[in-house]
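Asker: Single-letter residue listing:
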Amino acid sequence: MDFTLKIWRQDGPEAKGKFVTYQIKNISHDCSFLEMLDQLNEQLVDKIEKPVCFDHDCREGICGMCSLYINGRPHGNDSGITTCQLHMRKFKDGDTIVIEPWRAKAFPIIKDLVVSRTAFDKIIQEGGYVSINTGGVPDGNAIAISKVDSDLAMDAAQCIGCGACVAACKNASAMLFVSAKVSQFALLPQGKPEAKERVEKMVAKMDELGFGNCTNTGACEAECPKEIKLTNIARLNREFYAAKLS
Amino acid sequence: MSNIFCSSIGKKLLMSLAGIFLCVFLLVHLGINLMLLRNDGGEVFKLCVEFMTTNILIKIVEPVLFLAFLIHMIWAAILQVQNWMARPSKYAVTNHSQSSFFSKYMIHTGIIIFAFLVLHFVNFYFVKLGLTSPAQGVNPVEGEHDFYNMAINLFTQPVYSVIYIAFFIFLGFHFNHAFQSAFQTFGLNHKKYTPAIKFIGLAYSILVPAGFAIIPIYFMFFWK
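As they're listed, the protein sequences go chains A and B. Per numbering that gives the first Met the number 0, residue 0 is the first one in the first sequence, and the count goes up by one each step. Per numbering that gives the first Met the number 0, residue 0 is the first one in the second sequence, and the count goes up by one each step.
Quick caveat, the hints were computed from the structure, so don't treat them as lab data. Please read these numbers as outputs of a predicted model, since none were measured by experiment. Glycine included, each C-beta is placed from N, C-alpha and C at the ideal position. Incorrect hints may have been included.
[Claimed, not checked] Short derived list, chain A residues pointing at chain B, Cβ under 8 angstroms:
hint, residue
1, Phe2
2, Cys57
3, Arg102
4, Lys104
5, Pro107
6, Gly217
7, Lys243
[Stated by the list, open to error] With a Cα cut of at most 27 angstroms, we get these calculated DSSO-like pairs of lysine-lysine:
hint, chain 1, residue 1, chain 2, residue 2
8, A, Lys17, B, Lys89
9, A, Lys110, B, Lys45
10, A, Lys191, A, Lys104
11, B, Lys89, A, Lys15
12, A, Lys121, B, Lys89
13, A, Lys228, A, Lys191
14, A, Lys104, B, Lys103
15, B, Lys89, A, Lys89
16, B, Lys89, A, Lys195
17, A, Lys228, B, Lys103
Sequences are here, hints too, so could you generate the full structure?
Answerer: Below, the structure written as structure tokens:
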């Protein structure tokens, strides 16, 4: 398969970026999107040109490192997957593929397609954890948790913090991310003692970092590689009101 | 902890509460307007108008209504500006993510609604306040505001009626997303009840604008 790639190139955070067009040939349809970019980079290195910088790590859809806004969609033209799981068979031979970085004030570009998602770490630092004194392993049945709640908590805990929700949202809102991180604890007894402080501080940090406001468009849910549901945002709202009114 | 209404969620809550209040108000407004269709020379309509302009309860609610309009518009503007600022550099390729169609154009439909509201105020409310004068021959009794003849005068003008109907189509687009979105903002999202809320929102966004639009259609084509 042959492709024309239009890739955003930007030397650094303050540099002016632009699209550069590359031609790439003889790509296997079984090749992953990132492997295709690897091949492009090998060609660029052979020509003593700067390779395209892009984030990646596990390449099996669980680490949340890969990003890329491909032809108008975060993680490309498929559902429930990250860019590393996107395969070239999803495109047609001869397609032009436009590749952009996540664009949000809170996710500044570091280089080319790499953005800083430190903003998410800062939100987590505000309370996206449970403070516990570690010790011996507790008995598995010591705290009874309903199957419904444990399933919902585990669904929310699937969020890998890739930032596709922010990238897809027309307002660059981080509500889906924050709602998943609040929900995974709000649903479990272990998360209750710090619930009030957690939701207040995480929302305050989200606002402070310059993310937009959620207008319930649903684009985040549609693009989330872990299929985090909008019901989590409603839960975040409920948790927030309960915390503020208590 | 900081005040609830300083946060993004709090601002949206305030805006949603104001929005739902306006939805309820519009139902009352529609109920009264539909009285124009009665073939009684405006007798019942005038009684309703008299009740709305003199009743003490309505007089108390009136400032709340204006406050709701102001809150809804000002907070919408604040949130929208913040949203634009949250993405200073735009994508080269338009977003193709699957999302609710009308949700993308809330600020646009909102501005159209605001423009019509200004026109509506000039035509009716400002006349009541004495800031603008009604059309010629519409106010035969000194000191009384003949809203019945003012309405008929406007609805028999094709240009005004077309603008009026077009406005309600945009209002329907606005409601289509706004109603169910408000409940999501309230934190009310439930497997069983959310589909019902969405259905009510859809029904409201079609039936209420249709109810208002019937009136100029009646006066343009069927009124003698």
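Asker: For the hint on A/Phe2, just tell me whether its beta-carbon gets within less than 8 angstroms of chain B.
Answerer: violated (15 angstroms)
Asker: Taking 27 angstroms as the top limit, are the C-alpha atoms of A/Lys191 and A/Lys104 close enough?
Answerer: The hint is violated at about 32 angstroms.
Asker: What's the verdict on A/Lys121 and B/Lys89, does the C-alpha distance respect the 27 angstroms limit or exceed it?
Answerer: With Cα atoms ~24 angstroms apart, A/Lys121 and B/Lys89 stay inside 27 angstroms; holds.
Asker: Holds or violated: B/Lys89 with A/Lys195, Cα cutoff 27 angstroms?
Answerer: violated (36 angstroms)
Asker: Would the pair A/Lys228 and A/Lys191 pass a check requiring their Cα atoms to be no farther apart than 27 angstroms?
Answerer: holds (21 angstroms)
Asker: Does B/Lys89 sit within 27 angstroms of A/Lys17, going by the straight-line distance between their CA atoms?
Answerer: With a Cα-Cα distance of about 13 angstroms, the restraint between A/Lys17 and B/Lys89 holds, given a limit of 27 angstroms.
Asker: Would the pair A/Lys228 and B/Lys103 pass a check requiring their Cα atoms to be no farther apart than 27 angstroms?
Answerer: Cα-Cα ~19 angstroms, so holds.
Asker: Quick one, are B/Lys89 and A/Lys89 close enough, alpha carbons at most 27 angstroms?
Answerer: holds (25 angstroms)
Asker: Would you check the hint for A/Lys110 and B/Lys45, treating anything up to 27 angstroms between C-alpha atoms as holding?
Answerer: violated (69 angstroms)
Asker: Classify the hint on A/Pro107 as holds or violated, based on whether any CB of chain B lies nearer than 8 angstroms to its CB.
Answerer: violated (10 angstroms)
Asker: Holds or violated: the hint that A/Arg102 contacts chain B, with Cβ atoms closer than 8 angstroms.
Answerer: Because about 5 angstroms separates A/Arg102 from the closest Cβ in chain B, which is inside the 8 angstroms limit, the hint holds.
Asker: Close enough to count: is the Cβ of A/Cys57 nearer than 8 angstroms to one in chain B?
Answerer: Hint violated; A/Cys57 Cβ to chain B Cβ min 24 angstroms, cut 8 angstroms.
Against the hints set out earlier in the document, violations occur for numbers 1, 2, 5, 9, 10, 16.
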